[in-house]
Amino acid sequence: MLDINQIRNDFPILQQTVNGKPLVYFDNAATTQKPMQVIDRMSRYYKNENSNVHRGVHYLSQVATEAYEASRTYIANYIHASDPSEIVFTRGTTESINLVASVFESFIKEEDEIVITSMEHHSNLVPWQQLCFRTGARLVVVKASVDGELDTREFEKALNDKTRLVAIAHISNVLGTINPVKEITRLAHAAGSVVVIDGAQAIAHLPVNVADIDCEFYAFSGHKTYAPMGIGVLYGKKKWLEKLSPYQYGGEMIESVRFDKTIFNSLPYKFEAGTPNVAGALGLEEAMRYIAGFGVDEIKQYEDKLMDYATGELKKLEGMQIIGTAKQKAAVISFVIEGIHAYDLGTLLDKMGVALRTGNHCAQPLVESYGLTSTVRISLAMYNTLEEIDIFMGALQKAVSMLR
Amino acid sequence: MLDINQIRNDFPILQQTVNGKPLVYFDNAATTQKPMQVIDRMSRYYKNENSNVHRGVHYLSQVATEAYEASRTYIANYIHASDPSEIVFTRGTTESINLVASVFESFIKEEDEIVITSMEHHSNLVPWQQLCFRTGARLVVVKASVDGELDTREFEKALNDKTRLVAIAHISNVLGTINPVKEITRLAHAAGSVVVIDGAQAIAHLPVNVADIDCEFYAFSGHKTYAPMGIGVLYGKKKWLEKLSPYQYGGEMIESVRFDKTIFNSLPYKFEAGTPNVAGALGLEEAMRYIAGFGVDEIKQYEDKLMDYATGELKKLEGMQIIGTAKQKAAVISFVIEGIHAYDLGTLLDKMGVALRTGNHCAQPLVESYGLTSTVRISLAMYNTLEEIDIFMGALQKAVSMLR
Amino acid sequence: MTIQKKENAIVEEFRLFDDWMDKYAHLIELGKELPLIDEKYKTNQYLISGCQSRVWLFAELDNDGKIIFTADSDAVITKGIISLLIRALSGHTPKEILDAGLGFLDEIGLKEHLSPTRANGLVSMIKQIQFYARAFQLKSRIKK
Amino acid sequence: MTIQKKENAIVEEFRLFDDWMDKYAHLIELGKELPLIDEKYKTNQYLISGCQSRVWLFAELDNDGKIIFTADSDAVITKGIISLLIRALSGHTPKEILDAGLGFLDEIGLKEHLSPTRANGLVSMIKQIQFYARAFQLKSRIKK
Ligand SMILES: Cc1ncc(COP(=O)(O)O)c(C=O)c1O
Ligand SMILES: Cc1ncc(COP(=O)(O)O)c(C=O)c1O
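Chains as they are written, first to last, in this note's numbering: chain A, 134 to 537; chain B, 134 to 537; chain C, 5 to 148; chain D, 5 to 148.
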């Protein structure tokens with residue numbers, strides 16, 4: 134059992150009040166808060182270890198390089214990569230996906246197809262759409278059901294020998310749906326396609342095992358898993374990372390340069406141009422250690438309890454429509470209330486201390502597929518409590534009564 | 134007059150000992166150390182203000198967004214940009230330059246020429262080289278003199294009506310040369326070319342005024358100017374940033390999405406895909422405020438004194454060859470000692486507590502143009518002292534005597 | 005009544021409420037009283053971009069050379085906000101509108117208490133109002 | 005003498021020095037004594053990549069089936085390091101070389117006190133030595 138009070142004590146920001154009310158932070162899908170352990174790890178780095186990595190012969194450079202590479206190794210083990218060189222540090226999910234979409238261009242021809250789903254975040258949609266525009270390939274969109282579930286038979290129909298790449302969210306940031314990524318990867322492989330998984334919403338809430346999923350690429354952001362901003366990961370199967378050309382040029386990604394020729398470094402450095410965010414990588418390792426200390430399975434269980442309770446309470450409200458009612462969900466609930474604009478609810482709830490998000494959540498085509506322009510979204514984390522859900526429900530009822 | 138002791142007290146890492154010796158950190162061109170003010174700013178952000186920016190209706194999101202945009206404005210004023218929307222936050226210099234080199238591709242044709250200099254860091258060389266490889270354009274290299282100076286007449290000869298872009302370091306990270314970027318920009322403009330300046334080594338040491346230089350683009354890294362890793366800036370003239378296509382796709386850079394069409398956001402968001410490094414931007418602002426508190430001119434004067442002293446002392450050593458003897462230099466001295474490998478010196482100096490760098494400093498063609506594979510480089514910052522130069526010289530003499 | 009007097013009246017009115025929830029309740033009431041735009045103008049042409057909710061704004065010149073604004077939004081708080089702007093500015097000449105300081109927005113705390121996203125919405129609304137004023141000003145000059 | 009015994013001797017030898025500067029002074033002496041590679045092998049083919057300085061390593065089998073290593077580097081500390089490896093491993097059979105634990109590198113603190121760049125150089129040297137051993141092993145198997 135998690136000791137939530139103890140966990141909450143680790144997060145300084147949760148002690149805040151907003152507009153005189155204790156902060157109820159339900160915007161975790163946008164970004165999570167950071168425990169002292171992570172904040173301190175970064176300060177400690179800058180106070181004791183800071184140096185540029187890899188090329189220095191001096192002591193601090195050695196310390197920083199070892200710490201940076203140890204983070205890579207920890208993260209590789211955490212997601213069950215087969216080798217640390219399969220972990221490329223990026224700024225975040227968006228950059229990870231853009232990296233793949235950019236360097237994959239040389240593998241895409243006009244007749245080819247790229248398959249995504251109707252529930253993708255813009256960051257896992259527009260890079261592929263633009264790749265299709267550049268190459269003439271076709272963007273195939275597998276539609277989710279009204280419940281927000283993907284039917285694997287629909288996927289099978291969408292896949293064929295022209296399919297080069299399948300890009301799909303592990304968890305939808307609007308619907309909360311946990312997608313059957315392992316099964317979809319199997320189907321995609323059977324069709325000869327590569328699979329890119331957008332793990333932005335999964336990494337803090339599910340045990341992620343890239344070996345088990347067997348996907349070629351897996352992307353996530355540090356800041357959505359209790360780690361700092363400005364750091365993220367692109368996992369890639371070695372075989373594929375080796376095949377791909379570099380994305381950016383300069384610094385550690387270079388082996389040797391002449392004006393007429395450049396030889397690139399080996400993995401993973403080939404994809405890490407310029408000075409990396411060492412403090413960010415260390416912060417990410419610390420955050421993963423923090424999670425692992427409790428156990429992702431324990432966390433999932435607890436968050437499921439929160440989800441069930443919140444869902445049950447929300448359903449009692451008149452005019453409530455929950456957007457996304459898949460059987461397998463995690464951490465995210467979107468809803469609308471008949472006759473009331475999401476933005477009005479968000480504004481009033483904020484005044485009552487509840488931080489949540491309204492809008493299309495960077496998944497405009499999905500939200501519009503429900504005939505909406507906007508939903509209210511609460512998104513939970515391990516430090517949220519049943520009591521906070523009660524506060525939220527009270528505030529929501531008050532807002533509704535003001536707006537009706 | 135700077136109170137260096139007070140400044141040194143702001144930098145926790147400088148209190149360290151290495152191998153039992155007080156740390157003498159002379160590797161500032163690789164990365165600078167961070168004052169408490171910057172470290173604390175980031176911690177404070179994560180403890181009190183952390184949120185995702187721009188799209189949230191709630192209080193924290195407002196606080197974070199305002200802080201992030203205030204940093205952009207501060208930085209715009211600091212470098213004399215005409216508008217905050219000309220400041221694009223990136224990971225660092227390397228990404229800033231790669232961004233331009235990537236999106237500039239549509240303006241480059243096979244007959245065109247791109248002009249760089251022989252003293253460029255790989256990060257301001259390989260992106261242009263690869264752009265030339267992709268487009269068939271010609272990479273023209275203006276050679277520096279043996280002293281490490283650029284002759285503007287050589288530049289004039291290299292420029293013609295085929296020149297589309299000139300990319301040049303403000304300060305060489307190997308030679309320390311301060312290049313006449315304003316004059317070169319004038320010449321480039323006369324030839325109808327755009328100018329990209331790599332300001333990685335300048336931002337901590339010179340007053341940077343993009344309005345006065347009149348360059349189209351200016352790139353720098355936070356971590357080389359007392360700010361955190363994982364943040365940097367691309368300044369771009371509005372007119373040019375507006376003309377260019379986006380670099381990465383997803384998140385805030387999007388105005389609206391349909392599966393068959395995407396409309397991009399206005400500047401500077403068009404170039405900031407995904408969740409930005411808000412803490413990093415705040416840290417960068419804090420670092421610039423820290424520098425401004427002393428005055429960049431004051432700092433430059435002090436660092437010049439250090440440079441003169443170190444140069445004078447080094448010249449007394451037998452077999453000493455200083456690489457880079459331009460009239461205008463800042464913060465960087467490279468050298469070799471006859472018959473002794475740079476790597477051996479670096480190793481022994483490290484054991485005596487002096488952190489410096491040996492190698493080709495990611496400027497292989499330049500170092501090789503001196504018939505070398507490696508130099509020893511000391512690079513100074515505002516917190517270094519004359520006493521540290523004495524310690525360094527003592528250690529250097531001891532190392533030389535061991536190796537001869 | 006001058007724009008300034010109207011602004012003052014709005015500031016006084018909001019001073020009655022201590023608590024932001026009450027101010028919002030009032031804003032919501034005002035939103036419900038907004039002089040609604042003719043349905044036929046609720047098209048993309050009259051949509052103001054940059055707001056989290058959809059806002060339509062229509063303007064026409066009356067016989068005295070004064071601009072009459074009507075608007076609508078799908079969010080009622082947004083309606084309240086634009087209704088404040090309309091209350092202050094509708095029925096005035098283009099010049100009066102362009103000269104207005106709109107200090108009341110700060111005084112009642114609207115800017116401070118709205119996130120930049122929303123403040124941006126506010127900014128967009130003001131810009132659109134000024135755009136209309138400028139357009140009518142130009143038109144009347146050309147006529148002369 | 006077995007490789008292990010040679011390793012022990014090196015460890016004993018380094019124990020004489022308390023201070024890292026003295027250990028380095030010793031390493032530099034050893035570097036100067038390195039059995040130098042024939043100039044004709046100082047080509048790119050025999051260059052070990054991944055070191056900050058240039059290192060050439062050459063290996064040949066003697067009549068007893070033992071490998072003889074010679075090397076050179078442009079940096080004398082690097083020469084010292086490779087001379088330690090050669091002292092421990094040269095004159096042994098491929099199998100003995102491949103079985104060697106090389107614990108002495110840790111014991112004398114070479115790994116810990118060398119930056120990863122240099123440790124990488126060390127790793128590259130060891131890899132190259134093992135590569136030769138494996139190649140000779142394979143060759144002799146094929147002959148049989
Ligand atoms: C499903 C999903 N994908 C991608 C992203 C983009 O992540 P980031 O902004 O950290 O790059 C997000 C976050 O908003 C997300 O929820
Ligand atoms: C002149 C110059 N340009 C570019 C860079 C690259 O900067 P970064 O690694 O921060 O991207 C450096 C830093 O090494 C540099 O010195």
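Please note: incorrect hints may appear among the correct ones.
[Claimed, not checked] Lysine-lysine pairs mimicking BS3-like chemistry, simulated, CA-CA at most 30 Å apart:
#1 B/LYS394 <-> A/LYS290
#2 B/LYS276 <-> A/LYS394
#3 A/LYS242 <-> B/LYS242
[What the hints assert, rightly or not] Partial chain A-side listing against chain B, Cβ under 8 Å, derived:
#4 THR164
#5 ILE172
#6 THR226
#7 THR227
#8 GLN263
#9 PHE288
#10 LEU377
#11 GLN381
#12 PHE392
#13 GLY479
#14 THR491
Hints in this document: simulated from the structure, not taken from any laboratory.
The beta carbon of each residue, even a glycine, is placed where N, CA and C say it ideally should be.
Hints broken by the structure, by number, lowest first? Hints 9, 10 not satisfied by this model.
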